[in-house]
Amino acid sequence: MIQNKYIVQLCMVFMLAYISGCSQVNVRTQSAMGNFYQNINKKEFYSKATYKMTMLESSPIVSISLFRVPQIVEAGIQLSKVNQILFVKLTEKKLLNIERHLIFGKEYLYDTEKGKLFILFDLPALYLMKDHLDIYLDILALNTEKKFTRHLRKKIVFNWKPLKDNVDTGFNYGQFGTEEQLIETKTIQKIVSEEYKNTAIKRFNPDYAEFINSVFPQKELIQTE
Amino acid sequence: MKTKVLLIFMCGIFSLSSISCQTGRIVSSKTEDLSIGLTMYPSDLSVTAVQNAIESSLSNYYRLKFNVTSFQEFDTIMNGVNTNAEQYVKGFLKEHKLDYLVYVQNRRNLDLWLMVWNQQGYVENIIVPYSKRLETQLIDISVNAFISIIENMDNRLYANKLY
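Those protein sequence lines, which keep their order, are chains A and B.
So the mapping is simple: the working numbering equals the position in the first sequence, first residue as 1, plus 50.
So the mapping is simple: the working numbering equals the position in the second sequence, first residue as 1, plus 1443.
Accuracy of the hints is not assured; some may be wrong.
[To be verified] The list that follows gives simulated cross-link-like pairs (lysine-lysine, DSSO-like), each with its CA atoms no further than 27 Å apart:
id: 1; chain 1: B; residue 1: K1604; chain 2: A; residue 2: K204
id: 2; chain 1: A; residue 1: K252; chain 2: B; residue 2: K1508
id: 3; chain 1: A; residue 1: K102; chain 2: B; residue 2: K1604
id: 4; chain 1: B; residue 1: K1508; chain 2: A; residue 2: K139
id: 5; chain 1: A; residue 1: K252; chain 2: A; residue 2: K93
id: 6; chain 1: B; residue 1: K1575; chain 2: A; residue 2: K240
id: 7; chain 1: A; residue 1: K98; chain 2: A; residue 2: K204
Derived by calculation from the structure, the hints in this document are not laboratory data.
In isolation and in its complexed conformation, chain B is listed as follows (with noise of 0.2 Å):
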């Protein structure tokens, strides 16, 4: 009986973890010349919050259509990542047809990370140390990451930023 009650127990958790990476996904309509996939961590972090961030940081003030996708298969991602970084990500993109995989990781108690993978597998983060009076800044910090590293890696938004 306590088996029974035990897989079931088990299976409940594998199926909501899967439906929840099945649902986790958002597609943008927009038609985009850059294109960014976003996965955050913990999942608690606000990923639409940051998402829409991004996209009006650069829409208003670029002259580029883009669109953000945030895939909340985290785990699966950052596996992915950890057994062959530079193929997955090269493999990911094209997959689901991205310039950029950004990744967030606010790791409490220590720092905030944001990574940025370009096509070809290469990688650039910035690391900033935690504090509980930064929670509050998240947003910005994330924002100003992003963009510092993607106009670091293709030169694309300083040159064409509008007023």
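One chain only, chain A, in its complex shape (with noise of 0.2 Å):
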């Protein structure tokens, strides 16, 4: 009789702890609910863009080509049947060595009229890049039936290059002069100098490090600030 007390007891205990639990879960999914979504200013970010390209659902890769610095790309990538973006990661290993997360409101939105998410790229300055930029996407997904995930990886391939042509694409950037030329000019310069300061260098690769360090006119000016 004395035993079956303890036991009934222990299981009081015990029942009382997991109540406790369960009541807590519930509780905290009974928190406010932010403003989150409705809070995006989508205005402002589709008055940021300066060229617009679009790309296919089916399309896993598209070139473009720029000629003007500095350039925010909108890139308008066709998603059918999608409720919700869980997140969009960019990498580009070659020269940047560049893998994060873009900002969902400032670099990313999904528009679900249209069936498009629109990616912003703030490129660096055309003077900087050596060689054509590679940009990987990887896009998880959540489809309108939930709990099925698309995951997508897309390619964008960005053309330009001023201080020599650009072999790949055929392209002759000879009408913008030579690389002495585009460097001596003020304007160039100053975008050059703000771009350098917006570039953590030394997440490049060592090569390219250097590489800029050498044909960054201002180089001392700017470490120094």
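Quick one: dock chain against chain with the hints and give me the complex.
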């Protein structure tokens, strides 16, 4: 009889612990919902782009040629039946060595009506680029039928080459002048100096970092700031 | 005799939980512009992996110094939040000198919650429906949700981003 009493007490302790745990979870889920999705300024987002491009859902790769700097490129990627974008990860291993998540509302947005994912690329100055830029995008999306996810991998190639002719695309940048003329131009110097300040050179591949440091005309000035 | 055993057993549980609370804090020595407190549930979620992912995302790609401190006193924090969220979070952030408190909960078979409170006691959250296929992506999803919420709250990340 006494043994049963202890067993009952023990069971009650565990039941209470279990119930308190469950109720805590329930309370947590009832916390106030933020209005995060409503706060996004879509007008500001769409007004930033200086160059727009579209990519079909079935296209794994698209190549873009740019002439002016700096550019904010808006890539509209067709993605139908998507309920939510879980993340967009940008990877570039050749030059910039970037692997980071894009910021929702500032760097990517999904338009449910158009069925398009819009991504903004705030691209670095052409003059710092040694080669074309191969950007890989890993997109994880939640379908309209919940619990089904789609993982897409897209590649966007940005071509530009004022420093020398772009062999891959056959574009000739001769119209922009020689490398020396470009670097001497004051406007371009200003852009490049701005870019240099916004660049985490340490993260770049060593060869490329060395190249940037060698072509940059005001590196000593910037480094002492 | 059995009462004693039961008492010893319960004391053991309480002391173990209190030890885990005491030792659960990991403090980084970096100087910070952004100071973040991170707490996760259930405890088998890799706090260190999320902490590292958040730290590397920010330090490599933004012109900001920051610090992520993980707190394993999850129940204490959530009890405080459930009682009076605004007051508790304000006090907690002030006491630990934090800018944000981040809470990640993986409710298996239901959803993944990520909530962020700022110093004013304002909260933003993202809820992702759970599926087994998402388990390998949880860190990426958490980091994505985290940076998106933080940016939405004070506009510092985008303005300080680096190539």
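These are the hints, each one checked on the structure:
no.: 1; hint: B:K1604 with A:K204; verdict: 23 Å, holds
no.: 2; hint: A:K252 with B:K1508; verdict: 15 Å, holds
no.: 3; hint: A:K102 with B:K1604; verdict: 22 Å, holds
no.: 4; hint: B:K1508 with A:K139; verdict: 22 Å, holds
no.: 5; hint: A:K252 with A:K93; verdict: 35 Å, violated
no.: 6; hint: B:K1575 with A:K240; verdict: 51 Å, violated
no.: 7; hint: A:K98 with A:K204; verdict: 22 Å, holds
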